[in-house]
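When we follow the working numbering, the leftmost residue of the sequence shown carries the number 1, and every step to the right adds one.
To be clear, the hints were calculated from the coordinates, so they are not data collected in a lab. Errors might be hidden in some of the hints.
Pairs of lysine to aspartate or glutamate, DMTMM-like flavour, derived with a Cα cap of 25 Å [stated by the list, open to error]:
id, residue 1, residue 2
1, 137, 83
2, 21, 11
3, 110, 39
4, 21, 10
5, 55, 97
6, 110, 46
7, 33, 97
8, 33, 23
9, 33, 122
10, 110, 73
11, 137, 73
12, 33, 59
13, 33, 73
14, 110, 11
15, 137, 122
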Amino acid sequence: MTINVFSNYDDWVAQVPISIKQDLLWEMDVYRKALLISDLVWIDCETLLAHALGKPIADQLLRCGGSVAANMEEGYGRGFGNDYARFLRIALGSAREARGWYYRGRRLLKPEVIDHRMHLLDTIIAGLVTMANQQRKYK
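Based on the provided sequences and hints, a complete structural model is requested.
Structure representation (structure tokens):
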């Protein structure tokens, strides 16, 4: 089964449902990138699953790659402050885990794919650290 592939960021944005784009979360660059990485993980897992050694990596990547945006969504629905910061830290852990799984899968994916995903995850991680630290200031 081939997964719908998009050629660039604008193509990806165009296929995101309007209900997601109308949510306040969409205004956050980190959230958009978290949704993007979850879609990219799906595409990359198709390649990983073509090799027996890629199956456990794909399983882990699907879990942690989707968890980043999911935890941002769940935490955002709980308001601001320490509770939201806790979900952002969980999302942060998932982003770091995804980066680690991409590193472990580097022998099965193209170097330019690994470089792109690692860079994207680095920006997500940096954004989540900033957001979590800001939320800790709210009581």
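Checked hints:
no. : hint      : in the structure
1   : 137 / 83  : holds (12 Å)
2   : 21 / 11   : holds (14 Å)
3   : 110 / 39  : holds (17 Å)
4   : 21 / 10   : holds (13 Å)
5   : 55 / 97   : holds (16 Å)
6   : 110 / 46  : holds (13 Å)
7   : 33 / 97   : holds (16 Å)
8   : 33 / 23   : holds (15 Å)
9   : 33 / 122  : holds (11 Å)
10  : 110 / 73  : violated (31 Å)
11  : 137 / 73  : holds (20 Å)
12  : 33 / 59   : holds (21 Å)
13  : 33 / 73   : holds (13 Å)
14  : 110 / 11  : holds (22 Å)
15  : 137 / 122 : holds (24 Å)
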